[in-house]
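Residue numbers (the working numbering), protein chains in the order written: chain Y, 1 to 76; chain H, 1 to 287.
Keep in mind that the hints are not guaranteed to be accurate.
[Stated by the list, open to error] Within a straight-line C-alpha distance of at most 25 Å, the following computed PhoX-like cross-link-like pairs (lysine-lysine) qualify: (1) H:K132 / H:K112; (2) H:K132 / Y:K45; (3) H:K196 / H:K112; (4) H:K196 / H:K213; (5) Y:K31 / Y:K45; (6) H:K134 / Y:K45.
Quick caveat, the hints were computed from the structure, so don't treat them as lab data. Since the structure is predicted, the reported quantities are computational estimates derived from the model, not experimental observations.
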Amino acid sequence: MTNIGLVAIGAGIAVFTGVGAGLAMGIATGKAVEAVARQPEANSKINNLLILGLALTESTAIYGFVTALVMIFTMK
Amino acid sequence: MAVSLLLGVGAFVLRSRIPLPAKEDATFGSVKKKRGLLMLAGGIVLWVFCGLFFGLFASGDKTLHVSINPERIDLLGFSVSSSVVVAWIVIAVLILIAVILRVFAVPRFQEKPRGLQLVLETAVGAVSNFTKDKFGHENDGLAAYFFALAALFIGSTIVELFGIRPPTTDLSMTLSYALVTFVLINYFGIRKKGVKGRLKTLTKPVPVVAPFKLLSDIAVPISLACRLFGNMLGGMIVIDLLYYALGAFSVGIPAVLGLYFNAFHPLIQFFIFINLSLTFIGEAVED
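Let's have the full structure, built from the sequences with the hints guiding it.
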């Protein structure tokens, strides 16, 4: 007994993982900007580390997105 | 429709008729602004005309169809998915380009690079230096493998600009890329330490953490695959929504957005893929 309404609510709850990811990425970027302001010649290294860290934390938000997609498309 | 066509062409003609005075003239700024305004108005009216023109051929498809799995094609009795066929086409085109470059362009390289040779050397040098920085052993094969993978990946996302569903939005394809990385991690680990040594790292600090380390080892290729698949599918859904919302008026705008979603974003994601693969390989080799 699956209802399209319950599937929609479940998919909406699954995408909530984006909140934590967005918050964490904002804090990380703030700290990176502070570090560059302290020592501008380490610019490229900090940039590389920042991009790597952002992509890793974004992956948890992507997990929630993929779960919601699977729920919408395979549950009738 | 005819009115908008006349207006659009008329705006462009007017713009070309206003002469541009010399740069030292005091009225330069205002004349340039008027020309720019006319060009903007002409562009918008021509866009409306194109939208109305293509609206004549509109099919009545009013719902948005998105599916996670691509459609299957029947090929000589096997049922293959369309991503595999598109990937084969991309590989054929890449091999053709590589053969043409090798036969015609490489023998004419000079000491000081110019033009095409400079582009090629920059690209290959970037990937090669990056690989050697992170995994600094004497291995040349790894840099070559990653460059080939990058070429295949970039080729398959550029295909989306032509409207075909790219192979990287298929979970099977990204899972196969991640499984190759998993095989590489184990190959380097076993080559450096032997099979027993590789299993021994599972019990490194305390023997009781072995199941958790095993689980995190299995989670590595799965997370690599899911990250790539989720990002590419998200981009494709956004552009599909844009096409569906604009309907017949989607003449120039999705191409501009496509420049970000199909050229820049996949490059970043693929840089992350290579970076993480190298990090895990390096972690499997260190003591």
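These are the hints, each one checked on the structure:
Restraint check: the Cα-Cα separation between H:K132 and H:K112 comes to about 24 Å, which is no more than 25 Å; the hinted pair holds. Between H:K132 and Y:K45 the alpha-carbon distance is near 16 Å, which keeps this suggested pair within the 25 Å criterion. Using a Cα cut-off of 25 Å, the hinted pair H:K196 and H:K112 is violated, with the two alpha carbons roughly 50 Å apart. For the given pair, H:K196 sits about 16 Å from H:K213 by alpha-carbon distance, which is consistent with the 25 Å threshold.
For the hint pairing Y:K31 with Y:K45, the CA-to-CA distance comes to about 14 Å; that is within 25 Å, so the pair holds. Taking the CA atoms of H:K134 and Y:K45, the gap is about 13 Å. The hint holds against a cut of 25 Å.
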